[in-house]
Each structure stands twice: as C-alpha cells, then as structure tokens.
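2 protein chains.
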Amino acid sequence: MGIENFTPLKRASGGLPSTTANGRGGRATMPRGRQIHKTFNNIKITILCGFVTILVLRGTIGIGNLTSSEEEAINQNLIEETNRILAEIRSDNDPTDPDEPPEAEINSNVTYTLGPKLSNWDEERKVWLSQNLEFPNFVNGRPRILLLTGSPPNPCDNPIGDHYLLKAIKNKIDYCRIHGIEIVYNMAHLDKELAGYWAKLPMIRRLMLSHPEVEWIWWMDSDAMFTDMVFEIPLSKYDKRNLVIHGYPDLLFEQKSWIALNTGSFLFRNCKWSLDLLDAWAPMGPKGPIREEAGKILTANLKGRPAFEADDQSALIYLLLSQKDQWMDKVYIENQYYLHGYWAGLVDRYEEMIEKHHPGLGDERWPFVTHFVGCKPCGSYGDYPVEQCLRSMERAFNFADNQVLKLYGFGHRGLLSPKIKRIRNETVTPLEYVDQFDIRHSVHGNSRSGS
Amino acid sequence: MGIENFTPLKRASGGLPSTTANGRGGRATMPRGRQIHKTFNNIKITILCGFVTILVLRGTIGIGNLTSSEEEAINQNLIEETNRILAEIRSDNDPTDPDEPPEAEINSNVTYTLGPKLSNWDEERKVWLSQNLEFPNFVNGRPRILLLTGSPPNPCDNPIGDHYLLKAIKNKIDYCRIHGIEIVYNMAHLDKELAGYWAKLPMIRRLMLSHPEVEWIWWMDSDAMFTDMVFEIPLSKYDKRNLVIHGYPDLLFEQKSWIALNTGSFLFRNCKWSLDLLDAWAPMGPKGPIREEAGKILTANLKGRPAFEADDQSALIYLLLSQKDQWMDKVYIENQYYLHGYWAGLVDRYEEMIEKHHPGLGDERWPFVTHFVGCKPCGSYGDYPVEQCLRSMERAFNFADNQVLKLYGFGHRGLLSPKIKRIRNETVTPLEYVDQFDIRHSVHGNSRSGS
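Keeping their order, the protein sequence lines are chains A and B.
UniProt numbering puts the first residue of the first sequence at 1, with every later residue one more than the last.
UniProt numbering puts the first residue of the second sequence at 1, with every later residue one more than the last.
Worth flagging that the hints you see were computed from the coordinates, not collected in a lab.
Do not rely on the hints blindly, as some may be mistaken.
Calculated Cβ distances over 12 Å to all of chain B for the following chain A residues [said to hold, decoys possible]:
| id | residue |
| --- | --- |
| 1 | His163 |
| 2 | Leu235 |
| 3 | Trp273 |
DSS-like mimics (lysine-lysine), calculated; alpha carbons at most 30 Å apart, straight line [what the hints assert, rightly or not]:
| id | chain 1 | residue 1 | chain 2 | residue 2 |
| --- | --- | --- | --- | --- |
| 4 | B | Lys406 | A | Lys272 |
| 5 | B | Lys324 | A | Lys406 |
| 6 | A | Lys117 | B | Lys406 |
| 7 | A | Lys117 | B | Lys192 |
| 8 | A | Lys406 | B | Lys406 |
| 9 | B | Lys240 | A | Lys419 |
| 10 | A | Lys421 | B | Lys117 |
| 11 | A | Lys421 | B | Lys272 |
| 12 | A | Lys406 | B | Lys240 |
| 13 | B | Lys421 | A | Lys419 |
| 14 | B | Lys126 | A | Lys287 |
| 15 | A | Lys287 | B | Lys287 |
| 16 | A | Lys421 | B | Lys287 |
| 17 | B | Lys324 | B | Lys240 |
| 18 | B | Lys192 | A | Lys192 |
| 19 | B | Lys240 | A | Lys126 |
C-beta atoms are modelled at their ideal positions from N, C-alpha and C, and glycine is treated no differently.
Could you build all of it, start to finish, from the sequences and the hints given here?
What follows is the structure, given as structure tokens:
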C-alpha cells in the first residue's frame, strides 16, 4: 500500500541481532511442551502458505496478475505471527505481583458504588480553588474543559480499527489544540466490573476528583469525530445545569425510546451532583448476572431496545425516566447543534455543506460532531457494510482536516483522498494569512489569551 | 484476544442495511469491468477460505484444538477484505479535481527550496507579537512549545504498527497535557518530493510561519516515547541557540559518524536562522535521482553509514560538518539528558530505575525519551526481532503510563501488563493526593498558571 516510514533509517552499531525472515532471534529458552506447540504452529503456517502459493501460481497462469494477493498472503502471515507474539508477551504477568485478586463475588444485595460518598465535594473544591489560584477553573472568562476519550488496551480485532482510532484522536487533538481543551486518552480499565462502554463512569469520577481545576468533563466516544472545527459549545447556556447531553425530550419522556439520548458525547460539571448521578447510574453496569438482568429490565421498559446486556446509554435513559424529579432540573437535553451527530444522515451532504454553508454553525448545516454509531471498525462485525463505514469515516476525517489545513494553505484533493494539495500559493507575507485563517483569532475576537 | 468495544451498542431505527457475512450491501452501480474483477476476487477468496477450512478440519481431527487458528483465518480474511476495500476507496480520487499535477521534473541544476526566502522573518514576527498580545510567545515566563509528530496517511503494512502509533500518541498527549505543550499530529505530505523521513522539514517550516506565537517547534518521531513525565527541557540553557539536538560532539567532528546526532527528537527556534537551516538542509531530500545520488555522497563521507538513499539525519550531519562555521554557533548538541534515548540500552533497566531513582532526572537514571530506533512496527521488517521490539515498547509505555496513573491512584500490574491495579485506596479526601501527586504542582512550585 506504499507506506513510507517516517522513522530515519538508523542501525545500531555493534553486534545486535538482526531480523530473520521469521522475525525471530535471540529467544530465551522455553518449556518443551510450548516448543512442540510452536513447531506444530509453524508446520501449519507452512502448509497454509504452500496452498496459498499454489493458488497464486494457478491464478498467475490462469487469470491475471496476482502479485498483490501474494504480498497479502505474506502480510497475513506476518500479522498472525505478530499478534501471536504480542498475546504471549502480554500474558507474561509479573511473577512477583501477588495482587491479582480472584474474581470478586458480586453481592447483588449491595448496590454497587464507584467510591466513597463525598458529601462536601463542592465546598472542598471551592476552598481548594481559592488556595490554588494558579490552577483556576476559568481561564480568560471561559470554564476549563477536559475531553476524555479512549479505547481498550489491546489491538483491535480488525486492525483497520487501530488506524481509525489513530485518525480519530488526531482529529480530536486538532480541535482541542485550537480551542484550548485538555485531552485524556484512557486505555485502562479502572474497574474490572465496569469494563466496555461502562468504563467511562469510573474514569469520569476519577478525573473530577483528581482535577479540581477542571470545570467540565466532556466524554467523547472514540468513533466520534469533530467536523466543525470552529464551533464552540455555548457553555454559558448551561450555567444552571450539570449534565449536557444530545437527545430529544419527546423521544425520552413520551416514547421512552432507548435512543432518546446519546452517551457518545456529553458533558458533566465537576460537582457533587455529578458524582451522585454517576453513583446512581453505575449499578446496572457490573458485568455478569447484574448486567444481564439489568439488560432485560431495560429492554422491557425502553421502546425499540433489542435484547442484550445493560449498556450505559439505556441505563441513563431509564434512570432519568424513573427518577425524573430528582435529576432532570439539572440536565440539559441539547439538540440545537450536533453535540452528537449520527453519521448516516450527514456524511453524504458534506459537499452540499461546503457549497452552501461555513464552519461555526455546528448544526445540520455544518455538524459539530459526526458520530459513527454502529460502524465498530475496531471489532469484527459492525451494523453497517464495511465499505460504507470506511468511506464515510474517510470523508468525515478529510472534511474536518480541510478546516485545519486551511491555515497552512492546504486541503485534501477530495474527501476520499489522503493526499493534499495547495490551496494558496506560498507567500513572502505569511502573517497575513495567520490573521485571516487562524481559527483562534476568529472564535472570540481577541479575547482569547495564549493558553 | 478478548477485545471489549467501548462504543455503546446502538442500532439505528428504521430499515438500514445490515452487515452480511461478506460485509457488503447497498453498493452503488459500478463499471462492468470492475464488477468482473471483483467477482474474480471473490472467487479467489472463496477458494482460499476453502483450503483454509480443509486445513483446519484436518488439524482438528489430527493434531488438537485449532479454534484459535480457525478464528485467525477468518480474521485474516476480514483483514484482507478490509484493506482491499480501503485501497479502492482511497483510489477514488475526486473526478472533478483537475489539479493533480504530472510528476514535476526535478532540475538538478536548480537547488530545491522549501519556499520563498523570508529575509525579515525575525522583525516581522516581533511586530506581529507586539500587535497580538493575546498570543504571546512566552506564557508564565516559559516559551511556548509546539510538539510536531506524525505518521503516514495510510494504514501500516503491519497492523500492529497502528496500535503502537496510537499508544505512542497517547503517551505524548499525556506528557504535553502535563507540561502545557501543544501537539500537531501530521498525517499529510505537504511536499511530494519530500516524503518519508524528509516530510518533517516542510512541516516545520509551515508551522513556524503559521504559528508566530510558538517559540520552539519540537519534532519527535512517532516511535519515540516520553519515559520521564516530570522532566522538562531546560530551555533557558539555550537562550543563545536555535537548534537543540541530541548527539556527541566527538562522534560528529572527529569521527564524522552517521549517528553522531539523532533527528528523532530536536527543537528549532522559530526564527530566520532556522528557516535558513531548513533551506540548506532540504536539497538532499527530493526523492528520486537527487536523493539517491546524495545518499552516495553521505555514505562516502560519514563513518559507518550503509549504502542507501539520503536520509535527513545523515544530511544534517553532513551539512553541519561541511558548513560548520556557518551554523554551529547556534546549535546545541545535548547529551546531558536523553532528549533522544536509544531504547536498547534502557528498556531492560526500568526496574532498576524504579528501585533506585525517580522521575525528573531525564538522563540514564530515568530517561526522558526512549526512542525505538530500528523497530519499525509500522513496516514489514525492522532491524530487530519483532518480539524484542514489541516487548520493549510495552515496557516503555507502561513505565511512562505508571507515572501518569499515579495521580489517579493506579499502576500497571507489571511492565508487560495492560491491566492496572490500585496503588492507593479510595479516600474521602482526594484533594490531598492532588497536591501530592499532580506533577504540575511539583514541576515549578506554584509558578505555573492554569494553561
């Protein structure tokens, strides 16, 4: 696929082992049974390669040029080998670590909690802020935001998933750099019980308590991309709210739909109310029987929900419906702009948007966030055709990237192309374009300081 | 490999196409020749799968449990299919784009330049800064730094490479968040001639000119990781310098060694001198005959250099040797700490470092940066055994991640484990630990503002 490696070609001096055709060398002694197993694996791989080679040769004689297939077969061998090595490496737990606990028994009579109750969090945080003026929660009149996102610690089932995780984080890095937002990329499960989509809950709590200087924690899924690089969340609209989430009130309260809200992109204010809501939200999460049973309750109560274990989104919807009076006064259900924008209705309209509109709108004219719900590039099977998803993600990425590259005088050759072209000639007065094209200069006039 | 997908399980309402076993559906009409080609591809894939299935069945009867091999075979099919789809998508250039230029003829009598000469850059930048006080080049007494890194736009030849690119950028996000450094992750080739490891040169120039508020541009390779999360570059040491690079003066001036300096991690001040050096550096870079011929010159003149095309590192060494008087007064060759730390001598000593030392030293006791020179996880073949590289990268990542997780009360179970465990109990007074463990509080006492 024509990859050019950025890493300079440097060789170490001295007699270091070099890569053989199998990529091995200098392996430490291993148990004999394992050696035998490895030998059999190698024999199997050899036979497989033999068949592939026969196929390739037959194809070369009969059908046409199959060089790419041959290369892919070799590549597949490499991939299989690499993954096997990585799995072995990661299964080598530290033998001196005695702390791997046995699977805890979940006592379903005890409600699961994320941590001890912190009744005085608001007061204590206020005192801390007054004592730490060098870590204010407002910077240049704007509340400090931390964007939390992440992905599991292991490679994706489908390797293309890691490539899109990389592109998605680059996309987030760009938005957050322009808007002065800090990022935490989580690749660890803080709580074994709350793994998967539930993992965000303990991490949100942990970040609130560890970053008192942060006013808003913004969770964003790894499969969501910023597609409006100018738009900013109108936080002053939420002065009296503690949770901002995209959704539709009628879908929630009248239809009780399981997709009334979207937990792919939402903001929590750093305050006791949020800690309490997280605690109320978490109990459906612990994996195993609790999550299974909770899933049945959710399917029974939420319109359109298929049968599967409890997910965080359904659980939040159910919680806000069943404890409406307790929580809803502090929840803002936002749909004036695409805090979450479902991709299927958006990605085919990018050209129309470019023609008719401009960044900064954040809504259906120029969506703030395009969220690839159901594509699951990291897994083996998504809900949509692979080609449709990959094509759409490429388009969204490039649509966004064009807005970033504009400052530098470049743009993609097309929304499907990784190649870029100049959109402005080089100049001897580059600073003119800085004033004109740096988004930060336009977002808040000159009210933004250099932070 | 037990991947848990973070993305909530959301299905769209309505009749959207779902994934078939082949992952296809809803394809638009395509040219007939292409349809035939695709049909043949499908036949080939079916035959291959048939052979694999036969092999698996024979193995199941004869040798033992091959479930994992069967899964891997299916996974390989998925990978092949996905890559093929992606390649097709990306080859669909925008048909309305007339601007794809023909390959420019390089006139080797004309020295290649990165752009027009900017003789007054220092003065113009100074004026701009005085007129844009909200974008200062110093924040809280410290010069503003922008970290530039990146990787090619296409998926890695070896998919595990994308996973490590992801981990490496997470690592950089962590360091830069703690130390208030902005990141630009480049995935585009600004100049077709300067692709590969040369791509950093036009990007550095472009960033200087587009970000006059940035005082230092710090290039870091994608295969380099921060392993000292506390250490900060002592920039005041370089008040009179414009280029800071790791290396050894005797290796450079006496031995003329091709590894005397390392361009995997270096800093350029944003000034005319740097623009001029970039211009002097670039001419060996244009791919094709120029780069090939330049490679021969470099191999002939630099000790230990193998024969291959010109790389940026050798070219810089050659430039600084041959134009020593013009440049060296403004170059700082740093080796008091590991601005670049060659991995092979470091990764096996992490346990010893943990036992005897502490973060903040940046040198051989606790290396600032561990750089996986030669591992090339993104490519098909590195210079070292695959297992050794992957193991070492895991260790470096976790060694660094432990320093970040410490604030949150967690640490990895072992340097090879993606799993984490608590290192502190939950508490009702979390703010005590913020004061004690937040690196930002300790780095500069309380002189750092919240930026």
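Practice prompt. If any of the earlier hints don't hold here, list their numbers in rising order.
Written response: 1, 5, 7, 8, 9, 12, 13, 14, 15, 18 and 19
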